[in-house]
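> Can you join these two chains into the complex? Each is in its own frame, and there are hints to help.
Here is what each chain is made of, one letter per residue.
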Amino acid sequence: MPIQYYIALAAVLFCIGITGVLIRRNAIIIFMCIELMLNATNLLLVAFSKMHHATALSLGKAGNAGIDGQLYVFFVMVVAAAEVSVGLAIIVMMYRNVHSVDINFLNRLKN
Amino acid sequence: MGLTSIIFWGLSVLAIVGALMVLFSKNPIHSILWLVSVFFAISGHYILLNAQFLAVVNIIVYAGAIMVLFLFVVMLMNLNNQTEPQKSLWIKLAGIISGGMVLLVMISTIRSAADLTGKQALMNEGDIGLIANLGKVLFSEYVVPFEVSSILFLSAMVGAVVIGKKD
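Residue numbers (our numbering), protein chains in the order written: chain U, 1 to 111; chain S, 1001 to 1167.
It is worth saying that the hints were derived from the structure and are not from the lab. Treat the numbers as computed from the prediction; the structure is a model and nothing was measured.
What the simulated footprint calls covered on chain U by chain S, stretch by stretch (three residues with Cβ under 8 Å from a Cβ of chain S suffice, anywhere in the stretch; the number is not a length):
#1 3 to 9
#2 15 to 29
Pairwise CB distance ranges, derived in the manner of DEER restraints:
#3 U:106 to S:1029: 18 to 26 Å
#4 U:79 to S:1114: 27 to 35 Å
#5 U:57 to S:1010: 21 to 29 Å
#6 S:1006 to U:103: 37 to 45 Å
#7 U:62 to S:1075: 44 to 52 Å
#8 U:75 to S:1159: 16 to 24 Å
#9 U:62 to S:1118: 16 to 24 Å
The beta carbon of each residue, even a glycine, is placed where N, CA and C say it ideally should be.
Just chain S, same shape as in the assembly (with noise of 0.2 Å):
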């Protein structure tokens, strides 16, 4: 087993461990800050697929921008295990029954697809994740939907002031 694997297989698991400490934390901000574990263990990803711009991207805008919006908004509210809203045990019951077969049924399909198997990703190697591939490749074929992005962020802007205003 080389060093990619066991780096593949402890970011998984960190991945999976922070994703279920999300779901089972009964305090806000305990579920925030494994949700940034888990953006860590996705950017490690995308490192070890040489991805590294998207990496970089990762970490700078979800674990450190929409993360700390998120802490920002759970501090101002002032939430904690007391206030902590519960659904019964039966309708937990039944939602974890439905995710369970949900991933029943993806996870057999994919082990069942022919397309798929000897497929290999590309590890460590390949230049089409580094910054200056994807900045010609965005600035030339891409540039359109590049600009209607800085118009969406525009409304999405206006629409947070709009509605967070005090009227």
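Next up, chain U with everything else stripped away, as it sits in the complex (with noise of 0.2 Å):
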């Protein structure tokens, strides 16, 4: 498959990910599309792992090569689950303080 149908793929999940952050209010789903950027990312570094491997390949040096991609989605995906347990235990205490999720009631920083 081209590399450029893994790109087009993870961009205009990225994107989507941007617009949800951009259009919605409610602080999980703002949270949910950050994981879903996350994911586009994920795949986008798979894929060019294996772009990396197949071009080792044909110059006939194969080994590892590429494998590093891997490894750095294993490491996002670890650096997600922490994220997601502290920013959960976050909103869990705005709702218990301000009875919502709304992000609007978020801006009392502001002065």
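This is how it looks when you write it as structure tokens:
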């Protein structure tokens, strides 16, 4: 499969995530859109890792070429899991204080 | 058109439709379930690229753990269509236009990139995604980041408990 297809798919998913962050007001949906953007970049990293492996194969020195991309995805998943646990704790705390998950209530830091 | 490309296009359509439904569902529960379907489609892409370890980890960690956590939080808060806050139409329109502009820039860049023409991603073969090879590299070259990520998890756990504690 040409690499451009994968880049286009990841770009579409990433831009849907950006649009979601811009147009929604529910904090949980915004958080889910950030997860969507992380997954788009993960898909792109795996596709590029396989592209690198294919180029190394055609040059005759395959080995473990391109394996670093997939390990990067592993670490991105680790960071995402840690981020979700803290972020959801913050959202639950915010709901307990203002009884809403609307991000427009969060502008009292402004003044 | 081979079987691989049929599966590729099917999974891509599923991922994009699911991602759009995440945005446009009024009910947060439906958004979460659509996002799970997006994660399954991305796992299918990983299997297609022969990254089997990442496919399984994606299902276990994202679809299994993270989305269940989201589901629990939404059910805890008792959110539904009536309490769903909505932005004004103009802000929505501006958001959609700016997101589409970013997409336009990205697509036109990758269409005209000379370095990418003729490059293929290796499908269905290549053994770098297998768990044995990933494990060997992870525990030899990347053992320090692996240990640091365990400290990150510990601090995230402590942080979540401290934030969520009633005071």
